[in-house]
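K.L.:
Spelled out, the chains give:
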Amino acid sequence: MIRWILGGWLLLAVGCSTNAEAPAFVDEAMPESFGFGRLATEEEIARWDIDVSLDGKGLPDGAGTVPEGRRIYAEKCAACHGKTGKEGPYNQLVGPAGDTTTRAKTIGNYWPYATTVFDYIRRTMPYNEPGSLSDEEVYSLTAYLLHANGIIDSALVLQKDNLPAVQMPAQHKFVPDDRRGGPEIK
Amino acid sequence: MSEERNKTTQRLSRRKLLVGAATAATIALVRTATGQQVPAAVPDIPADPTKTQGPPPGTLGSRSPFEQLKKIPSDTSSRTPLQHLHGMITPSDLHFERHHGGVPLIDPDQYQLLIHGMVKKPMIFTLRDLKRFPSVSRIAFLECSGNFRTGREKMTPQEICGLTSQSEWTGVMLATLFREVGVDSRATWFLAEGSDAAVMTRSIPVQKGWQDAMIAYGQNGEALRPEQGYPARLFLPGWEGNTSVKWLRRIELSDKPFMTREETSKYTEPVNGKIRQFSFDMDARSIITFPAYPVQLEKGWVEIRGLAWSGRGKILKVEVSTDNGKKWYPAQLQDPVLDKAHTRFRYLWRWDGNETAIMSRAIDETGYIQPTLEKLVQARGRDMGGYHLNPITAWEIKRDGQVLFRPEKWK
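So the protein sequences, as listed, match chains A and B.
Using my numbering, the first residue of the first sequence is number 312, and each one after it goes up by one.
Using my numbering, the first residue of the second sequence is number -5, and each one after it goes up by one.
Simulated from the structure, these hints should not be mistaken for laboratory data.
The beta-carbon is built from N, C-alpha and C at its ideal position, and this holds for glycine as well.
Take the hints with a grain of salt, since some may be wrong.
[To be verified] Derived DEER-like restraints, expressed as beta-carbon distance ranges:
1. B:D317 / A:A389: 52 to 58 Å
2. B:A373 / A:E398: 31 to 37 Å
3. B:P220 / A:P400: 44 to 50 Å
4. A:I356 / B:T53: 39 to 45 Å
5. A:R491 / B:W295: 38 to 44 Å
6. A:A340 / B:S68: 46 to 52 Å
7. B:A373 / A:K368: 33 to 39 Å
8. B:K311 / A:S443: 33 to 39 Å
9. B:S56 / A:E398: 43 to 49 Å
[Said to hold, decoys possible] Derived DSBU-like pairs (lysine-lysine); straight-line CA-CA distance at most 30 Å:
10. B:K320 / A:K497
11. A:K471 / B:K114
12. B:K114 / A:K497
13. B:K268 / B:K405
14. B:K260 / A:K416
15. B:K65 / B:K403
Modelling step: build the complete structure from the supplied sequences, incorporating the hints.
P.N.:
Structure (structure tokens):
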């Protein structure tokens, strides 16, 4: 399924790609290179390159567990997302797929990739102290939230080798935009 | 401006203004964007402005104290008062805001843009570097894809769809920088990352980068406003606002999308049991901004005015109906009609005092006709999400001249 979906994205991107052609605005007089700016060093790149790809590229070393995540969640997240991740006041995070008692979009019934949970929490949560969590804490919180959403077993030790393999229930629903202008309303 | 206000201010302004005494002020009732009368400080008003010297030239211009234009803020966004704007440009301080971690304060001398990933030369550009490259300016709208509110009759255009604004953006084409770093021909996507507290990220097809993406540092003749991404932002003409990442610090080229939170959990929409993703283009839309709530209409000639725009190109035509959608007539478009830009339209009408509803629909150069909400529901299903809703907006004119929004229900 992952393969098919990624194939779809590739087509989407390649189908309209004209990378080889010079863009219309490029002036004949434009040099190949202006020589403005400078090469970035490895350290400078590493300082900011915090994103996590679907294949796990960018995931740091370390590991986390569900019980540890439950503890950190109660301390640092519950005030805004609710005791069990369902009560708010801010975004509801827990709502397993198939749970018809909730209309909210949650990690369990909506998020297509587990790597996104790690990437997002590390990037910006907790909201009142963004970027303050250690990688271990982020692994544990990700494990706890995936477990609370009925996606992983409580015994799983989450780390860079197994996080990308976690299958998310809603992933198969995602399709690329097919609106193309013209008279048809989509 | 309102009669009462004039009376009030005249009553309150007996004191004589001394030459240059611009600080002398009085409290007058001033009409706000939402139509309320609020007390505001205005300078003393001379009975006859030709009989007294005004203040001397200053270092900064100011808005007339009688113009109390305001955005309407919530926790996450603030909305442009569309019903009070003239022409096609949104004053920079009234440009809508939507951000995910507040407005960061960034020192332009410390600013750096890193471009890396599938490139020959990973590079860092300072703001000064960016400004040395060939520059371009372009007038284009920017609209949040979650730009439709409904539910009450007493809603202004600002409340219904105030998350769209238009500026003249100045900057360097991203393609110029792509050439400079030598983008790998196998790269198909890039990540754009902001340096706000959300460190917000979106994946963008590389094709858009070569086509018309810009790294903007100028807005309406001056530097970007902090709320708009100072000192530099990505600007993607015609695409949902969230993709035009503000406070841009990093671009990483790749051969697949990154599936960030803003393109999975958010900015995706349920459509007929599926979830539509990477819905970048903003479809054509229009709204009548006059007459609109809270205007009290008078019988006789009315110039119906509004804005139309499309993320897919130029507005070809705007049609107006003054009989609740039965007949449609072409409106006049104000030149210049620009690609992916708010376009002002006007339609002259004589209101006979009978109840009716007026509405407009935009048609863009791809042949797309702005749909009714009903048509959107037919196409997407009743569970359609709140993004990319661009329905025809109807204003009901009551016999007493009240103009009310017609809220529509679909859930």
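K.L.:
Taking the hints in turn, state whether each one holds.
P.N.:
For each hint, the structure was consulted:
no.	hint	result
1	B:D317 / A:A389: 52 to 58 Å	56 Å, holds
2	B:A373 / A:E398: 31 to 37 Å	35 Å, holds
3	B:P220 / A:P400: 44 to 50 Å	28 Å, violated
4	A:I356 / B:T53: 39 to 45 Å	43 Å, holds
5	A:R491 / B:W295: 38 to 44 Å	41 Å, holds
6	A:A340 / B:S68: 46 to 52 Å	48 Å, holds
7	B:A373 / A:K368: 33 to 39 Å	37 Å, holds
8	B:K311 / A:S443: 33 to 39 Å	53 Å, violated
9	B:S56 / A:E398: 43 to 49 Å	47 Å, holds
10	B:K320 / A:K497	24 Å, holds
11	A:K471 / B:K114	28 Å, holds
12	B:K114 / A:K497	40 Å, violated
13	B:K268 / B:K405	17 Å, holds
14	B:K260 / A:K416	9 Å, holds
15	B:K65 / B:K403	26 Å, holds
Going down the numbered hints, you'll see the structure goes against 3, 8, 12, while the others check out.
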